[in-house]
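Residue numbers (the numbering used here): 1 to 162.
Read the hints as simulated data drawn from the structure, not as lab findings.
Note that the Cβ used here is the ideal one computed from N, Cα and C, for glycine as well.
Some hints here could point you the wrong way.
Unchecked claim - Heads up, simulated DSSO-like pairs for lysine-lysine below, C-alpha to C-alpha not over 27 Å straight-line:
{"#": "1", "residue 1": "93", "residue 2": "125"}
{"#": "2", "residue 1": "11", "residue 2": "42"}
{"#": "3", "residue 1": "93", "residue 2": "25"}
{"#": "4", "residue 1": "45", "residue 2": "93"}
{"#": "5", "residue 1": "45", "residue 2": "121"}
{"#": "6", "residue 1": "42", "residue 2": "81"}
{"#": "7", "residue 1": "121", "residue 2": "83"}
{"#": "8", "residue 1": "125", "residue 2": "42"}
{"#": "9", "residue 1": "83", "residue 2": "2"}
{"#": "10", "residue 1": "11", "residue 2": "93"}
Unchecked claim - Pairwise CB distance ranges, derived in the manner of DEER restraints:
{"#": "11", "residue 1": "29", "residue 2": "102", "range": "17 to 23 Å"}
{"#": "12", "residue 1": "80", "residue 2": "36", "range": "37 to 43 Å"}
{"#": "13", "residue 1": "130", "residue 2": "42", "range": "29 to 35 Å"}
{"#": "14", "residue 1": "49", "residue 2": "156", "range": "41 to 47 Å"}
{"#": "15", "residue 1": "131", "residue 2": "36", "range": "43 to 49 Å"}
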Amino acid sequence: MKVRILTVGNKMPKWVQTGFDEYFKRIQPMLSTEIVELAAAKRAKNPSDANLAQYREQEGQAILSAHNTSGREQLWVLDVKGKIISTEGLADKLADGMQQGDDIALVIGGADGVSPEVLAKADVKLSLSALTLPHPLVRVVLMEQLYRAMSINNNHPYHRGN
1 MKVRILTVGN KMPKWVQTGF DEYFKRIQPM LSTEIVELAA AKRAKNPSDA
51 NLAQYREQEG QAILSAHNTS GREQLWVLDV KGKIISTEGL ADKLADGMQQ
101 GDDIALVIGG ADGVSPEVLA KADVKLSLSA LTLPHPLVRV VLMEQLYRAM
151 SINNNHPYHR GN
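Turn these sequences into a full structure, and let the hints guide you.
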């Protein structure tokens with residue numbers, strides 16, 4: 001199984017890259033992981049609602065183009081309205097995917113959300129939190145949670161949950 005993180009945006013602050021890289025390095029022996037950075041739509045200073053919808057549409061097309069539909073790659077989308085699951089629940093979902101032999105494309109949308117087209121094609125819609133998280137921080141939190149979930153699945157002592 002391979003997880004590809006399809007994320008809108010690049011040029012992350014150094015602290016984001018440092019945190020992401022740490023968990024990215026740790027997870028590799030347990031789960032092949034790749035990050036695919038997609039260009040964010042060029043934004044106006046004071047965008048209208050129509051502009052925001054246009055940005056989501058443009059970024060959504062890039063996400064769907066990067067999604068590998070020729071193989072067995074599930075599309076998991078992070079969305080504020082998605083299902084909130086525990087780390088143990090994420091570990092179970094990853095274990096199920098591994099047993100099925102599926103790959104996963106995990107989507108971090110743009111700063112203005114994900115297009116309706118991407119949401120409609122999603123196999124799974126997840127929310128990391130009911131809190132609003134800064135867009136760059138989501139990369140670090142997601143990578144840490146993937147690592148923590150895989151540490152559960154591999155009986156590694158990193159996770160000290162219930």
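Between the alpha carbons of residue 121 and residue 83, is the straight-line distance 27 Å or under?
holds (16 Å)
For residue 80 and residue 36, compare the CB-CB distance with the range 37 to 43 Å and indicate the outcome.
Violated, at about 22 Å.
Going straight from one Cα to the other, do residue 93 and residue 25 come out at no more than 27 Å?
Holds: residue 93 and residue 25 sit about 22 Å apart, inside 27 Å.
So if I understand the rule, the pair passes when the alpha-carbon distance is 27 Å or less; does residue 11 with residue 93 pass?
violated (30 Å)
Tell me if the straight-line CA distance from residue 125 to residue 42 falls inside 27 Å.
Satisfied, since the Cα-Cα distance of roughly 26 Å is no more than 27 Å.
Given the hint of 29 to 35 Å, is the C-beta distance from residue 130 to residue 42 inside that range or not?
holds (31 Å)
41 to 47 Å was suggested as the range; check whether the CB atoms of residue 49 and residue 156 agree with it.
For residue 49 and residue 156 the Cβ distance comes to about 46 Å; the hint holds.
Does residue 121 sit within 27 Å of residue 45, going by the straight-line distance between their CA atoms?
violated (31 Å)
Quickly compare the C-alpha distance for residue 42 and residue 81 to 27 Å and report which way the hint goes.
holds (25 Å)
Check the following: the C-beta atoms of residue 131 and residue 36 are separated by a distance inside 43 to 49 Å.
violated (26 Å)
For a C-alpha distance cap of 27 Å, please report whether residue 45 and residue 93 respect it.
violated (40 Å)
Take the C-alpha atoms of residue 11 and residue 42, compute the straight-line distance between them, and say whether it is at most 27 Å.
holds (14 Å)
The structure is inconsistent with the numbered hints 4, 5, 10, 12 and 15, although it conforms to all the rest.
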